[in-house]
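When you get a sec, could you build the whole thing from the sequences and use the hints?
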Amino acid sequence: MPTVKINGIEVEVPAGTNMIEAAAKIGIEIPHYCYHPHLTVAGNCRMCLCDVEAGGRGPDIACNMQARDGLAIRTDTPRVKQMRKSVMEFLLKNHPLDCPICDQSGECRLQDYYMDYGQYESRLADPKVTKHKRQDIGDHLVLDAERCVACSRCVRFGDQITGTGELRLFNRTDHTEIGIFPGVRIDHDYQGNLADICPVGAITSKDFRFQKRVWYLTDTDSICTACATGCDIKVCHERNQVFRIKPRRNDAVNQSWMCDHGRMIWQDLTSLGRLLQARVEGQVGNTDAAMQTAVETLQGAEPGTVGVVLGTQASNEANWALWRLAKDALKGASVFWCQGNDPGAWDRVDDLLIDADKNPNTEGVRALTRHDASIGDGADLAHAVREGNLKTLLVLQDDVLGRLGDAADGVAVLYIGTHRNGTVDKAAVVLPAAHTVEQDATYTNRRGQVQRVRRAVHPAGDSRPAWQLLDRLGASLGKAPGASTAAIAFKKLSAQVPAFADMTYRALGTQGLPLVAPQPEAQTDQASQEHHEPAK
Amino acid sequence: MDVPKPRILTRRWGLAGSHTLAVAEEHGGYASLRKALSMAPADITALVKASGLRGRGGAGFPTGLKWSFVPNAEKRAGKPVYLICNADESEPGTFKDRYCIWNDPHMLIEGCVIAAHAIGAKAAYIYLRGEFKYVKDRLDDALKEARAKGYVGKNIMGSGVDVDVWTHQGAGAYICGEETALLSSIEGHRGQPKLKPPFPAVEGAWHSPTIVNNVETLQVVPWLIEHGPDAYRAIGTEKASGTKLFSCSGNIKKPGVYELPLGYPMMELLNDECGGLLDGHTLKAVIPGGSSVPIMTPQEVAKATMDYESINEVAGSYLGSGGFIVMDERADLVDVLANLLRFYAHESCGQCTPCREGTGWMFSILDRLKSGDCTEDDIRILRDVANNIHSRTICFFGASAAMPVQSFLKKFPEEFFGRAGVSVPDDWRPAASAK
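The listed protein sequences derive, respectively, from chains Y and H.
Those letters in the first sequence? Residues 1 to 536, per our numbering, in order.
Those letters in the second sequence? Residues 1 to 435, per our numbering, in order.
For the record, the hints were derived by calculation from the structure and aren't laboratory data.
For glycine and all other residues, C-beta sits at the position ideal for the given N, C-alpha and C.
Don't take each hint at face value.
What the hints assert, rightly or not - Computed beta-carbon distance windows for the label pairs: (1) Y:ARG348 / H:GLY160: 55 to 65 Å; (2) H:GLY418 / Y:ALA125: 16 to 26 Å; (3) H:GLU414 / Y:GLY118: 42 to 52 Å.
Here it is in structure tokens:
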């Protein structure tokens, strides 16, 4: 790996690393607009101009200087500061300076860099160039060409990521502006990213338009649970209200992107189908009473007629708690899991991020089934129900009745979930569960990456995290799984299921960890014996 | 000056029907091609290197050296090599290439095929400025003749060498004369320059190694094959060998294109070839190499010779493309500069920040200055803006727009401050020379 020198500090980076990334590695920020780690280098903003001490000719742009031995640059000279100041002056020459009514205000690179490299005294005596404003370019986007700095990030996104190429630079000189061709509209599923990568307020999101000044928002790192991809996100909220979701960089999962469906998951929080209160036989009531009914139902069931159904929509912690509950408190209960979406959901899929599987935790549940071979699948469940072997089902966020239909008539269903579905309407007891943005938990994505969600807002209504509800249910039944907090639940999960071995919340961090590959057989047996011991 | 004035590029100009294959062949056309096809490509490149030929498009980069940058077949890994002839001549004050093609299209075709053979290209594209439609028509006719005769196409003259030559018409943007913008344009994209590195010789058109040469450069090649590098080196100066075409315009008696050995005294070009200034007028300034290069004062003109080194040493200017613009005392330099900047502010491709925003800014200040609506500060801002553009842009266009402003303000400050109604500030000159 070549060693380069930045401001006299040596840093070793992989060959081909550009100087913006190399500098970031040692904590030196090189300001830039057009450079984006997941797009090609355009080199047009000129904000990252640096002095070259050795190994090249300067001034040169950091984004297009690749690491090679002997290269030495400086970002701290008076000339570099002067160059940045001058680029800022040029960028603002025809900018409308309408920050008070601009959504980007507060997270705008023009504002950010102006603090350090501002001219402060205007030298402009001539009128500004006017361009097209408030252009409706897509269902989620508004374009203001006057605010644009022509960095071409959005053009490159359309060309290189979605391959749709709707956006182009039109005209020349200071009349250059971003636009779409006549009759064209951006209609792909990744529009929100265009607003994200726009370093200024030229492309803004309709959904967020005039909703909130961004400096009031708090960002909570989380992941999207709209499909099995599990894109890393940040949930932006204020006073217990979510205003938007933005993608967060994770090169192992979603690079810097997310789809527009995932971006809207926060709207589910308050949707009409949201379960905010417990129900017993369709009647809304308080959680304690419903919990009591559930306990009585389970205790009153004949031995061998109780089944639990794991949920691929629910977290690792909740599934673990339900699995423990079946093993410890409901001795003899059979465990099932179903793989599958609601009919039609498989249709929305692409090669980029949107997975056909709309369940965020299929792989997490699968890891559990690999560990415990006694867990039956959807066919086993359907068979058991048809045979009349199951009289009571404890279901974790899976539309079991919607899938089984009339075959399940007469089965008492105890349901834990977030939203109304075919099962909720027929369930004997419904306990409202917290949404992913309302709880701490983990999910395992399609590639086996275990990632955390963090609580951004309080659980709505009476809802509580599913792992917490299951822990309470277990306690009432005489043996709680022991999930007093999400972190403790996860710790126990990682101790018991080898696929999660040695993982902790701290170790997962912001980027997550891949599932541990299956161990040699002898070890797996040993591990399963160990955790079965308490059940003996 | 009593030096021989060999005619290399213009040797067939003036012959009746010089653009036809018959006349070209009668006067030595395609004889060099036959000879070149029997030579190893590396030997041709070595010969061009030895001749000291430098690119005639403006930058003066050694042509043979440029050719030698093409990666070998192993490094290319199956990628083709392209030769592109830059005939997008758009620099204000430069009008030699159009005459080169108009008068002797076969010399260009012959040069293209030899150069393509030397660098291993099977396809050569001649990119013509959009306004050169009539030139393109004549070149296309010549290509048809050459192709019919087997000088272009497959298995040229039984040598086994395949080179096809195509013409391509630009759409009239000045920036497409910049070699990487030309590549973008020929690929079918918006004509804007690309970042270097990678350089075109390594990764050019369609990500393949590409050599871009000016018309005049390629037209020298057949003569080099015929006469050898030493004969070429015997002409011109030590560092600038051969002859060069000068497009002379302005307040002179005989505007036109002149072929002269490099190193020819500038004053003699002005007084002898161009017939001197119009009667009753005195010299005010000369722009020696096309509108982008720094302006020269009469004192500098008297000392300089027409070659890359002298113009730079004497006046900090450049030979450029050889567009020799002469102005007499009637020229209003504020108006001249405003006119130049109108052009650059119109032609900036708009890709990178300093040039996109700065050229328009410089023009708007100059436009105001024409009527005197400027302060001393405005002129300082004008110089600042030019300094902030120069060498901070993706391509050389930024510098091309900045250099006239910097040099006019440095060498003729009284014209500009005078128009604003103030005298030249005491601190102006030293600061200006510090750059």
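We went through each hint and held it up to the structure:
1. Between Y:ARG348 and H:GLY160 the Cβ separation comes to about 57 Å, which falls inside the hinted range of 55 to 65 Å.
2. At about 20 Å, the CB distance of H:GLY418 to Y:ALA125 agrees with the hint of 16 to 26 Å.
3. For the pair H:GLU414 and Y:GLY118, the beta carbons lie near 34 Å from each other, so the given range of 42 to 52 Å is not met.
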